[in-house]
Amino acid sequence: MAKKQVLVACGAGIATSTVVNSAIEEMAKENKIDVNLIQIKIAEVNTYVDTADLLVTTAMVKTAYPFPVINARSFLTGIGLEETKEEILKELKK
Amino acid sequence: MADFYLDENLVFLQAAGTREEILREMAENLVKEELVKTSFVTGVIEREKEYPTGLPTSSSLSVAIPHTDIEHVKKDAISIALLREPVAFQVMGEASMETPVSIIFMLAMQQSHAQLTLLRDLMDFLQNETTLQALFDSKTKEDVVKLIDRKLSLSASKGGDR
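Chain order of the listed sequences is A and B. Just so you know, we're using the numbering used here here: the first sequence kicks off at 708 and counts up by one. Just so you know, we're using the numbering used here here: the second sequence kicks off at 9 and counts up by one.
Looking at chain A on its own, in the form it has when it is part of the complex (with noise of 0.2 Å):
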């Protein structure tokens, strides 16, 4: 299986999209998936527009993207934190 480019992205690419990315980090590490995570700013997202293989995101996603994006903020509320981290496995390993 081909290893994952993931960008990781917030508003200001800092505070919540650090502890977003850390948490991917050890989810696919216990499930022994190799990832490339990046972690960026939301703005920069068009910079990895050709390689990306997933958006995982706090921030509102007002532009259509090639790969998919899935919602984060439940990684900072816990509220539907397991139903975001089997979402995310699930295109991890396809």
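Don't read these hints as lab results, they were simulated from the structure. Wrong hints could be hidden among the right ones.
[What the hints assert, rightly or not] Here are the simulated BS3-like pairs of lysine-lysine, each with C-alpha atoms no more than 27 Å apart in a straight line: (1) B:K83 <-> B:K40; (2) B:K149 <-> B:K82; (3) B:K149 <-> B:K83; (4) B:K159 <-> A:K792; (5) A:K748 <-> B:K57; (6) B:K83 <-> A:K748; (7) A:K748 <-> B:K82; (8) A:K710 <-> A:K792; (9) A:K769 <-> B:K57; (10) A:K801 <-> A:K736; (11) B:K45 <-> A:K748; (12) B:K40 <-> B:K82; (13) A:K800 <-> A:K710; (14) B:K154 <-> B:K82; (15) B:K147 <-> B:K159; (16) A:K710 <-> A:K801; (17) A:K736 <-> A:K797; (18) A:K711 <-> A:K769.
[Said to hold, decoys possible] Okay, the calculated bits of chain B under chain A, using three or more residues with CB under 8 Å as the criterion: (19) 48–60; (20) 65–74; (21) 82–95; (22) 126–140.
The beta carbon of each residue, even a glycine, is placed where N, CA and C say it ideally should be.
On the provided structure of chain A, position chain B as indicated by the hints.
For chain B alone, kept in the frame of chain A given last:
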């Protein structure tokens, strides 16, 4: 890990006003305390409009974690406001959903990706109804600082005994 600054001067009890007024008061106070540059004030207010930070929690207390780009910040710090009445904030990542915020954690961070421990502690804190309510019920600024200090790894030297 850099230390995170918090003292009683950064705590607001019974804060009141519009969303922007409260954010401005907190941000201007961080400027006065020489923790951020003057540009932080506009930075954090504009950022909140573009990328809102309101977070509904599992308790009845919603929170917001306003912050902005690293170049406006001089020293890592956290400012906390307990609101007299809930103030509507847009929910993070949603186009048109609002949540009535009772507690604001304004974050000043001068490095990307650097404050993972603090941020994770903060999120754990938000997910715990009991501590969130205890924070909201604080009667003095000293109580707020003590509670946050105990729950969050504000400095590397104190991080071991959580």
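So, going through the hints one by one against the coordinates:
1. B:K83 <-> B:K40: holds (13 Å)
2. B:K149 <-> B:K82: With Cα atoms ~23 Å apart, K149 of chain B and K82 of chain B stay inside 27 Å; holds.
3. B:K149 <-> B:K83: holds (21 Å)
4. B:K159 <-> A:K792: holds (26 Å)
5. A:K748 <-> B:K57: holds (16 Å)
6. B:K83 <-> A:K748: Holds, at about 21 Å.
7. A:K748 <-> B:K82: Answer holds: K748 of chain A to K82 of chain B is near 21 Å, not above 27 Å.
8. A:K710 <-> A:K792: Measuring from Cα to Cα gives roughly 18 Å; hence the hint holds.
9. A:K769 <-> B:K57: Holds, at roughly 15 Å.
10. A:K801 <-> A:K736: Distance ~16 Å between K801 of chain A and K736 of chain A Cα, so the pair holds.
11. B:K45 <-> A:K748: holds (21 Å)
12. B:K40 <-> B:K82: holds (12 Å)
13. A:K800 <-> A:K710: With a Cα-Cα distance of about 10 Å, the restraint between K800 of chain A and K710 of chain A holds, given a limit of 27 Å.
14. B:K154 <-> B:K82: Holds, at about 24 Å.
15. B:K147 <-> B:K159: holds (18 Å)
16. A:K710 <-> A:K801: holds (11 Å)
17. A:K736 <-> A:K797: Distance of about 15 Å is within 27 Å: holds.
18. A:K711 <-> A:K769: holds (23 Å)
19. 48–60: Held - the stretch 48–60 of chain B has 3 residues with a Cβ nearer than 8 Å to chain A, which meets the minimum of three.
20. 65–74: holds (count 3)
21. 82–95: It is violated: at least three residues are needed, and the stretch 82–95 of chain B offers just 0 whose Cβ sits closer than 8 Å to chain A.
22. 126–140: Three-residue rule met by the stretch 126–140 of chain B, so holds; n is 5.
Violated hints amount to a single one, hint 21; each of the other numbered hints is respected by the structure.
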